[in-house]
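S.K.: Chain by chain, the residues run as shown.
Number of protein chains: 2
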Amino acid sequence: MLLAKAVQPPAPPSHLLHAILSVVEELPSRLLVGVSGGLDSCVLLDALVLSGKRPIVLHFDHGWRPESGEDAAFVGRLAASYGLPYRQEKAPSAARDSEAAARRERYDFFARASRSLGCCDLALAHHADDQVETLLLQLLRGGGTHARGMREFELRNGLRLHRPLLWIERKEMREYAKARNLSWREDRSNQDCRYLRNRVRHELIPFLEERFSRHARRALLRFCRVRIDEEEWMTGLVRQRAEEEGLSVVELRNAPVAEQRRWIHLWLRRRGVPDVSLADVESVRWLASEPRGGKQLSLGGGWKAIRSDGAISLRRKEEGEPCVSINS
Amino acid sequence: MLLAKAVQPPAPPSHLLHAILSVVEELPSRLLVGVSGGLDSCVLLDALVLSGKRPIVLHFDHGWRPESGEDAAFVGRLAASYGLPYRQEKAPSAARDSEAAARRERYDFFARASRSLGCCDLALAHHADDQVETLLLQLLRGGGTHARGMREFELRNGLRLHRPLLWIERKEMREYAKARNLSWREDRSNQDCRYLRNRVRHELIPFLEERFSRHARRALLRFCRVRIDEEEWMTGLVRQRAEEEGLSVVELRNAPVAEQRRWIHLWLRRRGVPDVSLADVESVRWLASEPRGGKQLSLGGGWKAIRSDGAISLRRKEEGEPCVSINS
Chain C
92 MLLAKAVQPP APPSHLLHAI LSVVEELPSR LLVGVSGGLD SCVLLDALVL
142 SGKRPIVLHF DHGWRPESGE DAAFVGRLAA SYGLPYRQEK APSAARDSEA
192 AARRERYDFF ARASRSLGCC DLALAHHADD QVETLLLQLL RGGGTHARGM
242 REFELRNGLR LHRPLLWIER KEMREYAKAR NLSWREDRSN QDCRYLRNRV
292 RHELIPFLEE RFSRHARRAL LRFCRVRIDE EEWMTGLVRQ RAEEEGLSVV
342 ELRNAPVAEQ RRWIHLWLRR RGVPDVSLAD VESVRWLASE PRGGKQLSLG
392 GGWKAIRSDG AISLRRKEEG EPCVSINS
Chain U
92 MLLAKAVQPP APPSHLLHAI LSVVEELPSR LLVGVSGGLD SCVLLDALVL
142 SGKRPIVLHF DHGWRPESGE DAAFVGRLAA SYGLPYRQEK APSAARDSEA
192 AARRERYDFF ARASRSLGCC DLALAHHADD QVETLLLQLL RGGGTHARGM
242 REFELRNGLR LHRPLLWIER KEMREYAKAR NLSWREDRSN QDCRYLRNRV
292 RHELIPFLEE RFSRHARRAL LRFCRVRIDE EEWMTGLVRQ RAEEEGLSVV
342 ELRNAPVAEQ RRWIHLWLRR RGVPDVSLAD VESVRWLASE PRGGKQLSLG
392 GGWKAIRSDG AISLRRKEEG EPCVSINS
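Chains as they are written, first to last, in the numbering used here: chain C, 92 to 419; chain U, 92 to 419.
For the record, the hints were derived by calculation from the structure and aren't laboratory data. Bear in mind that the values here come from a model prediction, so they are computed numbers and not experimental data. A couple of the hints might just be wrong.
It does not matter which identical chain is used: a pair holds within one copy or between any two.
To be verified - Quick list of in silico lysine to any residue cross-link-like pairs, SDA-like style, CA-CA up to 25 Å:
hint, residue 1, residue 2
1, 386, 326
2, 262, 234
3, 408, 362
4, 395, 117
5, 262, 370
6, 262, 233
7, 144, 210
8, 181, 105
9, 395, 337
10, 386, 171
11, 408, 209
12, 262, 297
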């Protein structure tokens, strides 16, 4: 029986098994799992099964590479070998303009599958090396003022994302896969240094370890841990006020600058303003600092912020309404 | 008259002059200024004089390079050209084991000069490029969980440090120096890539700008700004409790993880524990999580933390007392 064969020993080194199973066991028993067919997601899938879960396997075929259909077939066979339900989808067109667009498509598929299967919990195989890469990418990008890596748990598009392997390193995953005799598909596009993330992985991190500190990766990982907890704390401190319809100008002015920023940022996001930037936040702070009301300014996604005497409110710009600037 | 000659036009571009003078003008009128003789500190000194201050010029000769005596002589002449008081000191021995040791020596000199001159305010010429380098160094080092660059104002060794040029870029300083017809000394050791900071400056940052984002420097600088403000906010939230003699176990347990960490960190520092690491902080958190008192653990600098039933206190280890570990 395939299922029995797959979940039997050989066991990985016991400390590693313990580390991986203990985080995986905490996940809900009914859940989806995103499986690309690479090392990371094959380890996650195996660990889920080993800990007694019966996840529904999801695979999204981006259609980027000629062999991507084979990846889908591989993941289908893998799911069957564990006796698990499997659902896949192929991107409608192979033309992608960016990694970000590809990620959006993949998450859209996850969200659709979640709705049709009536299951909101999705496990993803992001691990510690991904985490460090994400932190560096966030830091280097223009909008990286909130850089802190990924979170173990996150709500997105109505999905509850779980990343149980987030603090496990790739070399540990290899060890696990070897001991458990797993097979997986190598994604050749992971080597392609036209992609920013691959350059971080293959050029920047080795450069940092070689020229600066062989512990650089660990140091950055620790930074993520501390900063994620700090973000949760700071967000908790402004959460209630960020739910309110308007921003109180007096309260805002009396808060420390960092509290103002976190409050405004969360308030804008909660009200649907997309991709809130530091510039957006600073504009709203400027609006609050003005001596009296009547001014307004444009934000992303067709929103505008309007300052009355005591508060700042948000409104969607009307069709055809000219772009309102802070100088108007 | 030399003074008049030095402070007369040519003026730098007006926006730059405005930016530099507006931050320098806010400094106390009686102050010290650290001048190495390099571009940055020569610009700072000139801007101070131009804004009407009469600082006391301090120069520390590390004695690292054969020509360092000439730097000292240059700074002495420069101070005289502005008609300013000047004080210098030479490191007792040319043997240094690290940049950190050199920095300590320099700050010790500043502290001595401050006491003997009865002036606590010291202006330093750190600028935006230094800031980005500092952030990267902090991130790459093992203890970089609080990485956020330098602060514009800081208390250290009884000194009030001011860094008015912290958000001005090096290329702007060059522009200022050119327009003001300043001269300065090039420090050849700034090119020496045996030093970690120089490798960050000459290898890492150009690599990031070339391979990842030409706006990397700006993005990192924005990150520093946001994070410094966040640190100030978070520290403000725990400041009062960090002054108390003991740590309340119940209060600590009820706080969010990040608040616990900030509180313990500040509490340890306020009580004199040197170089508080994340490991120290996590040890104290562990001590608080224990079901009952009676346990103790060793911290840096000959301190130990002792857990009673309701609180954690600190005590210096006695002479000859064996190292107490959390397992003892």
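S.K.: With reference to the structure, classify each hint as holding or not holding.
M.R.: Tested hints:
{"no.": "1", "hint": "386 to 326", "result": "neither (28 Å within a copy, 34 Å between copies)"}
{"no.": "2", "hint": "262 to 234", "result": "between (31 Å within a copy, 23 Å between copies)"}
{"no.": "3", "hint": "408 to 362", "result": "within (14 Å within a copy, 55 Å between copies)"}
{"no.": "4", "hint": "395 to 117", "result": "neither (42 Å within a copy, 36 Å between copies)"}
{"no.": "5", "hint": "262 to 370", "result": "between (40 Å within a copy, 24 Å between copies)"}
{"no.": "6", "hint": "262 to 233", "result": "between (31 Å within a copy, 20 Å between copies)"}
{"no.": "7", "hint": "144 to 210", "result": "within (14 Å within a copy, 68 Å between copies)"}
{"no.": "8", "hint": "181 to 105", "result": "neither (38 Å within a copy, 58 Å between copies)"}
{"no.": "9", "hint": "395 to 337", "result": "within (13 Å within a copy, 50 Å between copies)"}
{"no.": "10", "hint": "386 to 171", "result": "neither (61 Å within a copy, 53 Å between copies)"}
{"no.": "11", "hint": "408 to 209", "result": "neither (35 Å within a copy, 60 Å between copies)"}
{"no.": "12", "hint": "262 to 297", "result": "within (15 Å within a copy, 30 Å between copies)"}
Violated hints for the displayed structure, listed by number in ascending order: 1, 4, 8, 10 and 11.
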